[in-house]
Amino acid sequence: MPAGSQPLLQVEDLVREYRLPRESLFAPPSRFRAVNGVSFSVEQGKSFGIVGESGCGKSTLARTVMGLEQPVSGRVLLEGRDISRLPARELRSLRRKFQMVFQDPYGSLDPRLKVERIVAEPLEVLLPNVSRSERRARVEETLNSVGLKPSDADRYPHEFSGGQRQRVAIARALITEPSLIVADEPVSALDVSVQAQVLNLIMDLQTRRGLTFLFISHDLSVVRHITDEVAVMYEGEILETGPTHRVFSDPQHSYTKSLISAVPYPDPRRSRRLRRAARPAGAR
Amino acid sequence: MALLSIENLCVELEGPEGTYRLLDEVNLLLNKGQCLGLVGESGCGKSMTALAIMGLLPQGMRAHGSILVDGEDLLRAEEERLCQLRGRKMAMVFQEPMTALNPVVPIGRQVGEGLRLHLGLTRHESETRATQSLARVGLPVERFPLGLFPHQLSGGQRQRVVIAMALACGPDILVADEPTTALDVTVQAQILDLLAEIIDEFDMGLVLITHDLGVVAETTDTMAVMYAGRVVEDGPTDEVFRRMAHPYTRGLFAAMPSHSSDGAATRTPLSTIPGRVPDALSRPAGCPFVTRCGFATDVCHQSVPQMEALGHRHGAACFNIARGEVDQ
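Chains D and R, in that order, are what the protein sequence lines are.
By UniProt numbering, the letter at position 179 of the first sequence is numbered 179, and the numbering carries on one by one without gaps.
By UniProt numbering, the letter at position 31 of the second sequence is numbered 31, and the numbering carries on one by one without gaps.
Check before you lean on any hint, since a few could be wrong.
Said to hold, decoys possible - Some chain D residues close to chain R (C-beta under 7 Å, calculated; not the full set):
| no. | residue |
| --- | --- |
| 1 | Ala196 |
| 2 | Gln197 |
| 3 | Pro266 |
If you're looking for bench data, these hints aren't it; they were derived computationally from the structure.
Beta carbons: idealized from backbone N, C-alpha and C, even for Gly.
Take these sequences, add in the hints, and give me the full structure.
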């Protein structure tokens, strides 16, 4: 990190616990540490990936960074301000600065609202003084920047395909002009060709607007392609972190190695799954 | 003789706005001990093909052509006969192990259900066979008693139970519809290893439906690329990957984030396939891929390309195979 510059997002020793059901009337209920002492920092304009298998705590981490969950201990600093201890009102006004994109483009958009309302909703809450015409103008401009048509503002979510819905979700996150976007598995519900379109959009926004991304995914090739730095999580802890190309080309931790080697490689000549027979392939 | 042979399979649905042709002249072939991969985007007819093989097409759909299993045409079989065949001849592994299992029935009973139904085994006998079946998929009874419920198992273990259910009656054909899509990569590798072992061990045929070209490359012997209800390219997996004759196959491959990049701050744009799969009513007149294809010429707009042999058992349905390959 260059001297004097402050990372946009700093996470320090973050711990998030969940209470498990009480097993005995007399013993205190046991606790499950979903996030166990996680620290990392992301600089302005960079994209930081978090990979790990389901249940490793990566989504809990994302939600805690967003202030949607309260940490037991540790701090989340956005531009130097600790957002994990802010009163609800201040946190809300600060939300302009950081927005989230969720995994499921079908579940995250209200089916009864038009796209204009969906995309403008953060504005209504965060900047209530914006006039109606200006709001419409900003919605159209934002839709344009994610590759949708301004006229799409008058349509309902069911009229869009999965990839277009995820563009609407990204537009909703962009409308307050945030500096940080937390994306939790934003492309895992999409087909590979549509996934490529959405990933290109994310990379484009990053270059064009200098946006900072915290990108959560279980898909290692996606993370490898679009992030600058990556952290590998396992059972609530970060096992390995560093520049993406180094972690992937020279993994240090045995867990990282096993994760990377489990990714199926699209070349039949390099198949690891040796079948019993090298018998001739089926006759037609 | 082929274990499974699908010839000119068409599936149609009568809708308010006309006839939807969901599958259009699909031809597929599967031999014993082989794995056939079906790939394509959602909506291209992969799952519909799987349902047709199982004789589980939804009400109101008309199918013609033929689906021959050991010489018997499933499309001409009565429902009663299909009930006998399902589970015994062909069995299915579904995508979501969470929803494919009944949450309030112990796993032993779920695996044993088919045995009692098809083979008329007693409860005791079916329990013995269920134990064997579960042990085969890596769930030994000592650690995983038959009385466990699905919620007590992890996602990978549940998928193993679903596979044990499918295997219980010793079917000849296993149809697996996205069996690992809901699973983590490490678990995915284990499940694919298991499926490969099983088809080798029991000399079964596996139809593996997936959208992941990596999975296809590593697991299958032959593959078919489907688009808008048609097979657009098929052949031995290594041959298809080597040539990628159809522009759609190449497009799918190019859209994947690169595995081989040395990583040095890549962030290069991925190539995409513009647009999306046309739905069954708005398919173009000529080649179904014409609206998204970079090589389309006049002839592509006018007539539908037929499957053309390119090599040993390798074929593609495209007018511009040579042109596309030169550009590569």
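Honestly, which of those hints from before does the structure not fit? The structure conflicts with no hint, since it agrees with every one listed earlier.
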